[in-house]
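Protein sequence lines, in the order shown, are assigned to chains A and B. Residue numbering for the first sequence follows the numbering used here, beginning at 570 and increasing consecutively. Residue numbering for the second sequence follows the numbering used here, beginning at 570 and increasing consecutively.
Some hints could be false.
Given that identical chains are not distinguished, each listed pair holds provided it fits within a single copy or across any two copies.
[Unchecked claim] Each computed DSSO-like pair below joins lysine-lysine, with the alpha-carbon atoms no more than 27 Å apart:
id : residue 1 : residue 2
1  : K635      : K581
2  : K1054     : K581
3  : K1076     : K1034
4  : K1076     : K1042
5  : K1076     : K1035
6  : K1034     : K1054
Hints listed in this document are in silico derivations from the structure and should not be mistaken for laboratory results.
Take a look at the letters that make up each chain.
Number of protein chains: 2
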Amino acid sequence: MSKRKRSSEHLKLRHVAVDTYHENVAYLNSECAIYRAEGFQALSKIEISVNNHNVLAVLNVVHDPKIVEPGELGLADQAFEQLGVEEGSPVRIEHAERPRSMDAVRRKIAGDRLSPEDFQDITRDIVENRYSKMEMAAFLVAAHQGGLDRDEVLYYTQAMADSGQRLDWHESLVADKHCIGGIPGNRTSMLVVPIVAAHGMLIPKTSSRAITSPAGTADTMEVLAEVNLQPKKLHDVVRKERGCLAWGGTANLAPLDDILIAVERPLGIDAMGQMVASILSKKLAAGSTHLLIDIPVGQTAKIRRMHEALQLRKLFEYVGDRLGVHLEVVITDGRQPVGRGIGPVLEARDVMQVLQIDPEAPSDLRQKALRLAGRVLEFDPDIRGGSGFAIARDILDSGRALAKMNAIIQAQGEISERPQPGELTFEVAAVRDGFVISINNLLMNRVASLAGAPMDKGAGVDLLKKIGDEVSKGESLYRIHAQFKADFLFACGLAERDSGYQIGDEKHIQIPLVDS
Amino acid sequence: MSKRKRSSEHLKLRHVAVDTYHENVAYLNSECAIYRAEGFQALSKIEISVNNHNVLAVLNVVHDPKIVEPGELGLADQAFEQLGVEEGSPVRIEHAERPRSMDAVRRKIAGDRLSPEDFQDITRDIVENRYSKMEMAAFLVAAHQGGLDRDEVLYYTQAMADSGQRLDWHESLVADKHCIGGIPGNRTSMLVVPIVAAHGMLIPKTSSRAITSPAGTADTMEVLAEVNLQPKKLHDVVRKERGCLAWGGTANLAPLDDILIAVERPLGIDAMGQMVASILSKKLAAGSTHLLIDIPVGQTAKIRRMHEALQLRKLFEYVGDRLGVHLEVVITDGRQPVGRGIGPVLEARDVMQVLQIDPEAPSDLRQKALRLAGRVLEFDPDIRGGSGFAIARDILDSGRALAKMNAIIQAQGEISERPQPGELTFEVAAVRDGFVISINNLLMNRVASLAGAPMDKGAGVDLLKKIGDEVSKGESLYRIHAQFKADFLFACGLAERDSGYQIGDEKHIQIPLVDS
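Here chain A stands alone, though its shape is the one from the complex:
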């Protein structure tokens, strides 16, 4: 019987400059003399330790010493940053145990109901990058398919909100509005915030950047002003102007959602429970006390039928009430894009036209923004129910909303040279005479994304016709803008295969499921 002692053999840490997109990945040379690379591989994950710190990572075996030499351990960007020590540092590795919370995921797969602690554990493990993407996929599918009951959604929301920072504005009415997404060009926040802030109500709006959609509020605002505000700056802007339009990323609010999206989007799954927990946890973490939720309904919207919209509304209300948020839901017309532009520059143009009372301003964007702003204003106990719309219109038409927007832009930091629409353009034409009877939101999003939005601010789509418009064969329906040749060709190629527009008889014009 031989004696055994603790191994004193370490690997030398190396940074492998690869962005593995929300997954920790480690690289070990197949000729490593200390650890048997293949022995780790089938179990998929290893635990890397240095001092008292450790991270989990999926293992890839490398055969090329230019990437990782035998005796080295390579870590891709995210894992390297998380470990937080310098290249060349000695590290040890071990077979990783499955993250403990995967037991809860397996119970969910088996059909169990999860407890508040289960959601806390799962959330913490994912935020600490202990899950591989396949484990995240397992959790998302299990929660989607088995369904989360409304109390589970509540626990999940709470766990997500607890997983990051929280903002506290020290006021009793902190307003916010949020749309569940899916409708191109729907940039009402950039109108609601200046209107509401001009009234004096606090509305510190933090938004996400688009991931696979062609523009988020943060991307669009960035055409006009700085949006990456450090916490102190954010507070200064809000204190001075009563509102802001900033990117929420720097504030680290409910970070779980930003990670899961890397799995949700490629899988194309979007469950109600996940949606409610994602949105409300962000708002809870952002310190909102009063919240207006916009649920657009339409054949190519996220929510396609009225009964689903009502179901979603009830779930928002149930969870919101129990979190102590004053929450209201409006169901809106989601048949087609809002406004004309799709993509940051084009959407910012629409917003500024509305604020400037430009006769060219898209009236649907104006109407929707006034309606939402009116509802937010009615959170103010001094405003009589039903009078919010008229007050919002007064603020907009008097130029006070524009003045407030300009003040917010100045406070956040104005962009000196505003980007322009992309110079590569292509117009998609009607194939027959008739009326525009429907526009496919999903397809318009996809064309604008392929064109390069939101990374190229000027890329996107400019709609020249909307539902109900009469068109002649050969007349332009919309214009694609791009800056990058490869992107331009991808976007034009898709539009050529499917324009996203249906042209037909007047009597077939799609009617809205709700008043627009």
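Given chain A's structure and the hints, the job is docking chain B onto it.
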């Protein structure tokens, strides 16, 4: 309106020598001037084309030109091999559409029943490496949680069998046996094959290698003989000896299973439908007409309760009957490992002791092998029901099974220098006086795996005590063998935390759920 034309810009192909373990991965430099790397990333997958051939791959963005330069496209091992062109070749990339069969997966998530065509599509897409690991995880969890009804399992089995090659032996009785796995040391195939072949019945056994268990039949047979047989060689051996013990990998039978295992194991999910489809599709592809399935039941076996074993038996019977396979199921005692050795060398030693009628031979392995061989022999219409066991025992005790095994070893190619048990050893001792009341199969598998089995043939565990044995405090329960220091320490570390043995009173000795 600008003119557009097809892009003639290509990337230069580069092989990035990384084994990404059953996932196609591509690498693009963030400074690439032709394609915008980040634009592809969120959607996760790209399609790489050259001539009329294309592959899908998950994209990683690289910041280091030593890995991939701007203007190059890197492909990891599997994707590079699949594309099948030389480094430096010009390739194009495009945004990949989600594999079409993911629609079926999303329907399964939503609770739908899938059609034979759905399973064919899913199987083909996965075998062609069109799924990312998270997509495979989504499919597995959806199929597991929502459940597959028995007709879906039948469709799935058929689709899996169709996904690879098929063997045809041109005989009316082609026997096989298969255990669902999970029990360490359970190497009965290496006894059943020589017994049955010595009788003259055709039994061309192809087995898998262990993935996360410490030894498969192919790994253990490889201690004695070549197992990587090319199709012609395989047929020659079988025609000459009426049996073989070869690795099934070279024959490319139902390859889907070998891919999915890269996701199933790390997730730790193992559904009945998946198990039945995996096993029967392999057997169908291997040309078996008569099949004996071994389902061990025990507290730490894959199947833990008798009613589950019966449920699984019915599912095997339902699918087997509809595939035209003569199928029988035996439910066996799965309380503890079979024989003494765990790991290729130690298990091969047990098998040879039984064949050599060595008085040291583990009697449980002998008994179980005779029982199974007897049942297989009864597939022969000339053998009276119930007399198989005695015939098997005659064949074994007369030395005819040993002679047949040696002939098979010669035919496949004998290993001249048989590997020996690992030289690093550690004995795990009883912490108290008493009786061995239970042994944890899962833990013994894990200790032997950590020790380096099956890669190090001599690594593993040698059991010195079994359930029911009396032990004194300090007496050795089992011996760990390893060849590699790091592995040795991992295995000893685990055994120190949990030996896997429960020592207690005689009256608490675990009793078998079925006759052993």
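Hints and how they fare:
no. : hint          : verdict
1   : K635 - K581   : both (14 Å within a copy, 19 Å between copies)
2   : K1054 - K581  : between (42 Å within a copy, 18 Å between copies)
3   : K1076 - K1034 : within (17 Å within a copy, 84 Å between copies)
4   : K1076 - K1042 : within (18 Å within a copy, 90 Å between copies)
5   : K1076 - K1035 : within (16 Å within a copy, 82 Å between copies)
6   : K1034 - K1054 : within (26 Å within a copy, 72 Å between copies)
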